[in-house]
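Could you build the full structure based on these sequences and the hints that come with them?
The residues making up each chain are set out below.
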Amino acid sequence: MKAFTAETGKCGDCASGCAPKRLTKLGARVRKFDAVAALAGNPNTGKSTIFNALTGLRQHVGNWAGKTVARAEGAFETGGKKFKLIDLPGTYSLLSTSPDEEIARDFLLFGKPDVTVVVGDAMRLERSLHLVLQILEITTRVVFALNLMDEARRARIRIDARQLARDLNVPVVAMAARRGEGVSELLEAVSETARRDFSASARRISYADKELENAVETLAANLRANFGELPNARWIALRLLEGDENIIRAVRANSLGAEKSGSHLTQLALAEAR
Amino acid sequence: MTNENILEQAAALRGALKPNLHDELTAAVYARASDIAARAVHRPEGESEPESGFDQRLDRVLTSRVWGFPLMVLLLTAVLWLTIAGANVPSALLADFLQGTVYNALHGAAQAAGAPRWLEGFLIDGVYLATAWVVSVMLPPMAIFFPLFTLLEDFGYLPRVAFNLDRLFKKFGAHGKQSLTMMMGYGCNAAGVVSTRIIDSPRERLIAIITNNFSVCNGRFPTLILVGTIFIAAAAPPFLAGFIAALSVVAITILGVFFTLLVSAGLSRTVLKGEASNFSLELPPYRPPQIWQTLYRSVIERTLVVLRRAVLMAAPAGAVIWLVSNVYVGGESAAAQIIAFLNPFGVLIGLNGVILLAYLVAIPANEIVVPTILMLTLNLLAPGAAQNGVMIELEDAKIQELLTGVGGWTLLTGVNLMLFSLLHNPCSTTVLTIWQETRSLKWTAVAALLPVALGVAVCLLTATAARLAGWI
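Residue numbers (the working numbering), protein chains in the order written: chain H, 1 to 274; chain V, 275 to 746.
Simulated from the structure, these hints should not be mistaken for lab results.
Some hints here could point you the wrong way.
Covered by chain V, according to a simulated footprint, are these stretches of chain H (three or more residues, beta-carbon under 8 Å) [as the list claims (entries may be wrong)]: (1) 105-118; (2) 162-171; (3) 183-195; (4) 210-224.
Each computed DMTMM-like pair below joins lysine to aspartate or glutamate, with the alpha-carbon atoms no more than 25 Å apart [said to hold, decoys possible]: (5) LYS210(H) with ASP333(V); (6) LYS444(V) with GLU101(H); (7) LYS81(H) with GLU181(H); (8) LYS81(H) with GLU151(H); (9) LYS210(H) with ASP474(V); (10) LYS292(V) with ASP209(H); (11) LYS210(H) with GLU298(V); (12) LYS292(V) with GLU211(H); (13) LYS25(H) with GLU73(H); (14) LYS112(H) with GLU217(H); (15) LYS112(H) with GLU101(H); (16) LYS210(H) with ASP244(H); (17) LYS112(H) with ASP167(H); (18) LYS82(H) with GLU181(H); (19) LYS81(H) with GLU192(H); (20) LYS25(H) with GLU192(H); (21) LYS292(V) with GLU217(H); (22) LYS25(H) with ASP209(H); (23) LYS292(V) with GLU245(H); (24) LYS210(H) with GLU711(V); (25) LYS82(H) with ASP34(H); (26) LYS32(H) with ASP209(H); (27) LYS32(H) with ASP197(H); (28) LYS292(V) with GLU192(H); (29) LYS444(V) with GLU711(V); (30) LYS292(V) with ASP244(H); (31) LYS210(H) with GLU181(H); (32) LYS112(H) with GLU278(V); (33) LYS547(V) with GLU282(V); (34) LYS292(V) with GLU213(H); (35) LYS112(H) with GLU192(H); (36) LYS444(V) with GLU298(V); (37) LYS112(H) with GLU211(H); (38) LYS32(H) with GLU73(H); (39) LYS292(V) with GLU278(V); (40) LYS25(H) with GLU102(H).
Predicted, not measured: the structure shown is a model, and the values here were computed from it.
Glycine is no exception: its CB is placed at the ideal position from the N, C-alpha and C atoms.
Shown next as structure tokens:
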């Protein structure tokens, strides 16, 4: 992946005249924005550090899991676009249902962020991937920020980010956020992903159980027929098969499909989650 | 097909599927993740475990059943001792400057400008003096305590403390995660209450909310440190003074943990009955703290934020104190009447009317308890002293002189003030947060009043014991 430097704000070898990637930290000024970015990830992987690096806010950073419980909001501007950035609670999975996992899940589903940055721990890649894969089932507008590369280097662990990007089919940015490494590359990937017009393209998990696979496909096809091109029809089908109350309610309220129509529901879901 | 049809179809298909659907989904995700990770990660030859040996060895000591608790007490004592020993000189210098030089200059300027006597008193002896006291009493200890505490936190020590306490919490019928929310409470109780969202079970969450107040917060540490220094340490030989002061604050902190467990056990066996749920507590890797960033963060942000809040509260409080001390109703100032009303009860529980009024004034912010006590004592019991510039530059020794000489304080008053500082109602911000989190008037009231009741009971107990033993 090409790196743009934050200092010059210019991309040297790019002929297509792309916008400068200078970062403007907007702190808590989030009233007007062009796009919404969400920050998800396992606890204690440096989400708050990245949040602070992008927004210039000073959310408390501490070395322990479960420190950020409430949703934090900030803003930044890059590539001529103002982003509202939402720091979701750290979770290991979206499959169980503690309140903080529900906040994260409902926001990804109903808030429809333009980009979701999933922060991962290079020392514990496999565990980070559990969450990445689950989020990819909900939205494919994902950037995987592989943080704590400095710790991995110290442990002499090498990670092939290109191989990862190929396997996940989303941009992967290697970072050491505490040292500011990778921030400009992350910005580049975020604005690129926000700009791109997506149709579902990420690799999906398929299930060995034939009956399950068939049930998922049948339901997903019907969901697509009713709600238009859903990026997450298979995921919603699975939740319906599991009998998830929130999702059943959303289907009943007809609030899955059209852009942003679910926003009032997001508010409801978030208010409830609080 | 309508949406309702889809839901019916889903329900029908659900019946035909295996019952362990959830497990199967999880297994599929795990298999895929392991597959991808295996292709991307290259470990050095011969190493397969990512954990470094150092972390494990350190954890074996810090979370050991034998050494875990003594090391916790030792570290806390060391941090507090450094705070107390280090804050002495800058505190005195600040007091000298703010309550001496600046205070006199302000009075001089006011007189030169011909300001009316009441305005001069209101602004300088009320608003300014309260603010200056908050700064000189609180700034130095905070500027030392917060960075030290933050360094420990950055290093990754707090989760180890939580790990040590986890066993205890389970034994007392509370959620192990409560040890984490309790640690948050040491920063700020309101933040601690919000952090209880990580606890899934409503029953255990309520217990964690109600007991969070027993974590001594940032606003209360300076009070404890000051009272520990001027009363408890005064009873010890000088070379031990700082150490004894630190120990007294550690003792109060441990007593707070004790009450957390006691109240948790009481609640989980009576009104909030239930089994303790299990969870696995994560021990993050130790990380070298970023010294400069930590210093900057904790001094500039944490310290100044707390100080700002204290000053914002102290200025109006100073104005109120000056007014109630100078508004006369039937020949006596309003403050004197309130204090006279509260005093019998205060003395009964080993405190006094001034302290109780100070706690009423300080409901918005615990930070201003000591400055309020000092102002009330000065204004009421030594009238004219402030105006004459006597005993305004309050260093530790002079504060003790004022409180024992003029206020009639004893060692018991000091001890009980420390106890009451641990056991009293949460500040108004925390109470509001509790209401927002529980949406229940009943539980908010319990969380607000239970600690006061405990505080009164404990203080009554020590006061009675002291009287029976003939100490006072």
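Here is how each hint holds up against the structure:
{"no.": "1", "hint": "105-118", "result": "violated (count 0)"}
{"no.": "2", "hint": "162-171", "result": "holds (count 4)"}
{"no.": "3", "hint": "183-195", "result": "violated (count 0)"}
{"no.": "4", "hint": "210-224", "result": "holds (count 7)"}
{"no.": "5", "hint": "LYS210(H) with ASP333(V)", "result": "46 Å, violated"}
{"no.": "6", "hint": "LYS444(V) with GLU101(H)", "result": "23 Å, holds"}
{"no.": "7", "hint": "LYS81(H) with GLU181(H)", "result": "22 Å, holds"}
{"no.": "8", "hint": "LYS81(H) with GLU151(H)", "result": "32 Å, violated"}
{"no.": "9", "hint": "LYS210(H) with ASP474(V)", "result": "35 Å, violated"}
{"no.": "10", "hint": "LYS292(V) with ASP209(H)", "result": "9 Å, holds"}
{"no.": "11", "hint": "LYS210(H) with GLU298(V)", "result": "12 Å, holds"}
{"no.": "12", "hint": "LYS292(V) with GLU211(H)", "result": "9 Å, holds"}
{"no.": "13", "hint": "LYS25(H) with GLU73(H)", "result": "13 Å, holds"}
{"no.": "14", "hint": "LYS112(H) with GLU217(H)", "result": "23 Å, holds"}
{"no.": "15", "hint": "LYS112(H) with GLU101(H)", "result": "16 Å, holds"}
{"no.": "16", "hint": "LYS210(H) with ASP244(H)", "result": "22 Å, holds"}
{"no.": "17", "hint": "LYS112(H) with ASP167(H)", "result": "24 Å, holds"}
{"no.": "18", "hint": "LYS82(H) with GLU181(H)", "result": "22 Å, holds"}
{"no.": "19", "hint": "LYS81(H) with GLU192(H)", "result": "11 Å, holds"}
{"no.": "20", "hint": "LYS25(H) with GLU192(H)", "result": "18 Å, holds"}
{"no.": "21", "hint": "LYS292(V) with GLU217(H)", "result": "17 Å, holds"}
{"no.": "22", "hint": "LYS25(H) with ASP209(H)", "result": "48 Å, violated"}
{"no.": "23", "hint": "LYS292(V) with GLU245(H)", "result": "20 Å, holds"}
{"no.": "24", "hint": "LYS210(H) with GLU711(V)", "result": "45 Å, violated"}
{"no.": "25", "hint": "LYS82(H) with ASP34(H)", "result": "5 Å, holds"}
{"no.": "26", "hint": "LYS32(H) with ASP209(H)", "result": "47 Å, violated"}
{"no.": "27", "hint": "LYS32(H) with ASP197(H)", "result": "22 Å, holds"}
{"no.": "28", "hint": "LYS292(V) with GLU192(H)", "result": "42 Å, violated"}
{"no.": "29", "hint": "LYS444(V) with GLU711(V)", "result": "23 Å, holds"}
{"no.": "30", "hint": "LYS292(V) with ASP244(H)", "result": "17 Å, holds"}
{"no.": "31", "hint": "LYS210(H) with GLU181(H)", "result": "45 Å, violated"}
{"no.": "32", "hint": "LYS112(H) with GLU278(V)", "result": "24 Å, holds"}
{"no.": "33", "hint": "LYS547(V) with GLU282(V)", "result": "39 Å, violated"}
{"no.": "34", "hint": "LYS292(V) with GLU213(H)", "result": "12 Å, holds"}
{"no.": "35", "hint": "LYS112(H) with GLU192(H)", "result": "17 Å, holds"}
{"no.": "36", "hint": "LYS444(V) with GLU298(V)", "result": "31 Å, violated"}
{"no.": "37", "hint": "LYS112(H) with GLU211(H)", "result": "30 Å, violated"}
{"no.": "38", "hint": "LYS32(H) with GLU73(H)", "result": "13 Å, holds"}
{"no.": "39", "hint": "LYS292(V) with GLU278(V)", "result": "24 Å, holds"}
{"no.": "40", "hint": "LYS25(H) with GLU102(H)", "result": "29 Å, violated"}
Going down the numbered hints, you'll see the structure goes against 1, 3, 5, 8, 9, 22, 24, 26, 28, 31, 33, 36, 37 and 40, while the others check out.
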